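Undergrad: Protein chains in written order, with our numbering: chain E, 1 to 109; chain S, 1 to 115.
In short, the hints are calculated from the structure, not lab data. Only a predicted model underlies this, so the values are computations on that prediction, with no experimental measurement involved. Heads up, the beta-carbon is just placed ideally off N, CA and C, and yes, glycines get one too. Be careful, since some hints might not be right.
Said to hold, decoys possible - Computed footprint of chain S on chain E; a stretch qualifies when at least three of its residues, placed anywhere within it, have a C-beta under 8 Å from a C-beta of chain S:
{"hint": "1", "region": "30–37"}
{"hint": "2", "region": "44–57"}
{"hint": "3", "region": "82–92"}
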Amino acid sequence: TQLLEQSPQFLSIQEGENLTVYCNSSSVFSSLQWYRQEPGEGPVLLVTVVTGGEVKKLKRLTFQFGDARKDSSLHITAAQPGDTGLYLCAGVTGNQFYFGTGTSLTVIP
Amino acid sequence: KAGVTQTPRYLIKTRGQQVTLSCSPISGHRSVSWYQQTPGQGLQFLFEYFSETQRNKGNFPGRFSGRQFSNSRSEMNVSTLELGDSALYLCASRHNVPGLGTEAFFGQGTRLTVV
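Next up, chain S with everything else stripped away, as it sits in the complex:
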């Protein structure tokens, strides 16, 4: 079974630009979560989508948005990029395992650098 696929792996953008990141979850998983990871702040939750609906949202400005398609693939968009948006963006595919609850499986991430 293929794992979680994130594209692109690396991205360099200029301040003020916008960017779209893509995530394909594990086949059969309907929940996708996005996280921002920086050395100073650790893993910060952005949002979660389940069956094309945003189920949970973290404490990020409206410049960060996302969506999920009917095939469970998800995209996140960041508009008007700022230097502080430079980070590793991680996508997690989640599903329920009987007896263990919800488990998350991460992609390799997209390293975004804003210059």
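With the rest of the complex left out, here is chain E:
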């Protein structure tokens, strides 16, 4: 089983603060994806990273894939209440997806 551990599990911050969420594994993946899920809805794909060391930016969100393609981080600058949700990472190998344990983020206005 290829486990993906996310940290922290829960995060509650004030609007305007910065934060980083981590996704770690001992396994190598061909790509890694990040999703955001709002209560009662399905996860929405935010980004896919495929190259070791790759950095992708999506407005205030910065995603990085580790050099060894085993881990990833998501950094949010100046968090807003609309960023509230469950953030999931998923490691992909072939046609197999391995989802992380999730980070529940609450941004307080």
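We have chain E already, so just place chain S on it with the hints.
TA: This is chain S only, laid out in the frame that chain E set:
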């Protein structure tokens, strides 16, 4: 392009009953995966279908089954429902994107409550 459609959105069933959930993937996507999501266990993989064939299966009892039709629509069935089957059931439509590999797009889910 329409997204992934899951029906019904909400369902309440009694222990011992059976239930069938439906998923229509994004047009052109041939792979459909099913997941069970609960607060304690997170997202658990049930099975994946590709071109009407089950390609991968998670670690769930035989009460959980699925199938895929020629139009790629998929159904999952849970028989002899137990209280612990209460969860959000998610369907993901998957396809290969050149340069990015396989990407998954989720439906809104079906919230199943077993009483």
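Undergrad: Taking the hints in turn, state whether each one holds.
TA: Structure-based check of all given hints:
no. : hint  : in the structure
1   : 30–37 : holds (count 4)
2   : 44–57 : holds (count 4)
3   : 82–92 : holds (count 3)
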